[in-house]
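Undergrad: Chain by chain, the residues:
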Amino acid sequence: MGMKGNGSNHECSRERVKGEEEAAAELLLCREPIRIMSKGEVDYVHARGGFSFDSCRRNEMLLNKGLKPSSFLKTGTTIVGLIFQDGVILGADTRATEGPIVADKNCEKIHYMAPNIYCCGAGTAADTEAVTDTISSHLKLHRYHTARESRVVTALTLLKSHLFRYQGHVSAALVLGGVDVTGPHLHTIYPHGSTDSLPFATMGSGSLAAMAVFESKYHEGLSRDEGVKLVCEAICSGIFNDLGSGSNVDICVITKGQKEYLRNHLLPNPRTYISSKGYSFSKKT
Amino acid sequence: MGDSQYSFSLTTFSPSGKLVQIEHALTAVGSGQTSLGIKAANGVVIATEKKLPSILVDETSVQKIQILTPNIGVVYSGMGPDSRVLVRKSRKQAEQYQRLYKEPIPVTQLVRETAAVMQEFTQSGGVRPFGVSLLVAGYDDKGPQLYQVDPSGSYFSWKASAMGKNVSNAKAFLEKRYTDDMEIDDAVHTAILTLKEGVLTPAEIEDYLQEVE
Numbered sequence: 000m001g002m003k004g005n006g007s008n009h010e011c012s013r014e015r016v017k018g019e020e021e022a023a024a025e026l027l028l029c030r031e032p033i034r035i036m037s038k039g040e041v042d043y044v045h046a047r048g049g050f051s052f053d054s055c056r057r058n059e060m061l062l063n064k065g066l067k068p069s070s071f072l073k074t075g076t077t078i079v080g081l082i083f084q085d086g087v088i089l090g091a092d093t094r095a096t097e098g099p100i101v102a103d104k105n106c107e108k109i110h111y112m113a114p115n116i117y118c119c120g121a122g123t124a125a126d127t128e129a130v131t132d133t134i135s136s137h138l139k140l141h142r143y144h145t146a147r148e149s150r151v152v153t154a155l156t157l158l159k160s161h162l163f164r165y166q167g168h169v170s171a172a173l174v175l176g177g178v179d180v181t182g183p184h185l186h187t188i189y190p191h192g193s194t195d196s197l198p199f200a201t202m203g204s205g206s207l208a209a210m211a212v213f214e215s216k217y218h219e220g221l222s223r224d225e226g227v228k229l230v231c232e233a234i235c236s237g238i239f240n241d242l243g244s245g246s247n248v249d250i251c252v253i254t255k256g257q258k259e260y261l262r263n264h265l266l267p268n269p270r271t272y273i274s275s276k277g278y279s280f281s282k283k284t
Numbered sequence: 000m001g002d003s004q005y006s007f008s009l010t011t012f013s014p015s016g017k018l019v020q021i022e023h024a025l026t027a028v029g030s031g032q033t034s035l036g037i038k039a040a041n042g043v044v045i046a047t048e049k050k051l052p053s054i055l056v057d058e059t060s061v062q063k064i065q066i067l068t069p070n071i072g073v074v075y076s077g078m079g080p081d082s083r084v085l086v087r088k089s090r091k092q093a094e095q096y097q098r099l100y101k102e103p104i105p106v107t108q109l110v111r112e113t114a115a116v117m118q119e120f121t122q123s124g125g126v127r128p129f130g131v132s133l134l135v136a137g138y139d140d141k142g143p144q145l146y147q148v149d150p151s152g153s154y155f156s157w158k159a160s161a162m163g164k165n166v167s168n169a170k171a172f173l174e175k176r177y178t179d180d181m182e183i184d185d186a187v188h189t190a191i192l193t194l195k196e197g198v199l200t201p202a203e204i205e206d207y208l209q210e211v212e
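Residue numbers (numbering that gives the first Met the number 0), protein chains in the order written: chain A, 0 to 284; chain B, 0 to 212.
Take these hints with a grain of salt, some might be off.
In silico DSS-like links for lysine-lysine, alpha-carbon gap of 30 angstroms or less [to be verified]:
1) A:Lys255 <-> B:Lys101
2) B:Lys91 <-> A:Lys258
3) B:Lys50 <-> B:Lys63
4) A:Lys276 <-> A:Lys104
5) A:Lys104 <-> B:Lys101
6) A:Lys258 <-> B:Lys101
7) A:Lys159 <-> B:Lys101
8) B:Lys88 <-> A:Lys159
9) B:Lys91 <-> A:Lys255
10) B:Lys91 <-> A:Lys159
11) B:Lys164 <-> B:Lys50
12) A:Lys104 <-> A:Lys216
Below, a sample of chain A positions facing chain B; criterion: calculated Cβ distance under 7 angstroms [claimed, not checked]:
13) Ser136
14) Leu140
15) Tyr143
Keep in mind the hints are simulated off the structure, nothing from the lab.
Beta carbons: idealized from backbone N, C-alpha and C, even for Gly.
Build the full structure now, drawing on both the sequences and the hints.
TA: Here is the structure:
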């Protein structure tokens with residue numbers, strides 16, 4: 000039939016049918032009102048909205064010319080996850096850095112995806128927040144539509160497709176864990192969209208410190224308390240040995256039908272004040 | 000899509016100023032199964048008769064009352080497939096609102112957006128109006144609310160309302176039985192009794208009343 004549509008911002012379910020009834024049928028299936036758009040408008044409106052890569056090209060060009068990029072909030076981070084006998088335990092530190100400065104001493108890095116699925120995020124804080132929020136929304140609509148509990152692989156696939164579509168520009172490295180009808184699952188997702196499925200995982204700048212702990216102490220069939228203790232150890236290893244990680248430990252334990260979000264489970268870095276009366280400085284100092 | 004032969008609206012005015020397609024849509028609603036809603040002091044009840052075309056139909060697969068958000072539900076009278084489309088759109092809009100404002104969507108907002116969708120389909124090219132009326136029941140910080148949305152896109156807030164077949168009987172019954180200070184259990188009871196008026200058989204009523212007690 001060859002319908003030349005340059006206003007591709009309709010949601011039309013088209014089917015390749017032959018004959019004239021097709022044209023009528025195609026139009027009847029069209030959901031959006033038909034607008035006559037001027038050429039300028041069409042150029043500006045994208046098929047799906049969202050990211051335009053034009054700025055990325057300009058930014059790269061500026062970088063090549065020597066312009067220093069503005070610093071943004073990164074989570075130099077330690078995030079970990081492990082599978083124990085009843086489910087999944089996720090852990091994260093709580094320091095958010097902006098270059099060499101600690102921007103947030105107690106931020107939340109374990110994000111809600113679904114009642115039975117949580118996701119730790121490392122990388123650019125805004126990216127991890129936005130991407131987990133978006134996919135969490137998607138999963139919610141999917142749950143309403145199918146009347147079923149969300150599966151971890153669904154969250155995984157939505158996240159990796161999203162990250163792949165943005166070709167690594169969305170700087171989010173994630174540890175996704177949850178328990179669904181098929182059992183406990185733990186995955187890592189890299190900013191370019193590749194994934195791993197593992198019994199224990201670490202990500203972020205403190206990942207090596209935490210992985211050292213896991214590699215020496217992890218075994219299958221851990222109990223809940225053993226698992227929580229091991230995760231705490233791994234995060235603490237990241238907190239004390241990596242500059243990008245610090246402050247407190249957040250834990251999330253997910254089992255079949257239940258989840259426990261233990262915010263600030265461990266506070267190994269309490270503020271200690273020298274003098275409760277405060278300081279007094281003499282003049283001209 | 001601009002260069003097609005059907006970019007005109009199929010819903011056009013009649014000489015007397017009526018939109019005949021919408022009138023017909025309301026007729027479709029009026030021949031659908033009865034559904035009703037009652038606003039109590041501490042909640043809202045929506046009910047409908049789930050009449051299946053044969054005993055062979057798997058009744059668990061038929062869902063006439065649907066959830067839009069954790070605190071808003073909807074029931075319809077009229078064409079089931081049309082209601083599915085609206086439910087899907089409403090859920091998406093509720094979710095978008097939540098994502099934008101980080102607040103659960105108020106009932107009035109959701110009703111307004113659903114009504115806007117229904118109105119769009121009375122003024123667009125190549126589409127027909129929806130053949131359903133919806134009863135949206137929700138509980139937000141303004142308390143319990145009950146709205147009816149018509150194929151034209153107009154919406155009304157009701158204390159108690161009915162749609163579909165037997166609507167005049169049902170409404171008359173509701174007018175008699177409704178009180179402002181009803182509790183939710185009374186409302187459930189009243190809803191079942193209203194449906195009984197010409198809709199359910201005495202044996203079915205007995206079953207339901209037993210369940211409620």
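Undergrad: Next, verify each hint and record whether it holds.
TA: Each hint, compared with the structure:
no., hint, verdict
1, A:Lys255 <-> B:Lys101, "holds (28 angstroms)"
2, B:Lys91 <-> A:Lys258, "holds (26 angstroms)"
3, B:Lys50 <-> B:Lys63, "holds (10 angstroms)"
4, A:Lys276 <-> A:Lys104, "holds (24 angstroms)"
5, A:Lys104 <-> B:Lys101, "holds (24 angstroms)"
6, A:Lys258 <-> B:Lys101, "holds (22 angstroms)"
7, A:Lys159 <-> B:Lys101, "holds (25 angstroms)"
8, B:Lys88 <-> A:Lys159, "holds (26 angstroms)"
9, B:Lys91 <-> A:Lys255, "holds (28 angstroms)"
10, B:Lys91 <-> A:Lys159, "holds (22 angstroms)"
11, B:Lys164 <-> B:Lys50, "holds (12 angstroms)"
12, A:Lys104 <-> A:Lys216, "holds (29 angstroms)"
13, Ser136, "holds (5 angstroms)"
14, Leu140, "holds (5 angstroms)"
15, Tyr143, "holds (5 angstroms)"
Hint compliance for this structure: every hint is met.
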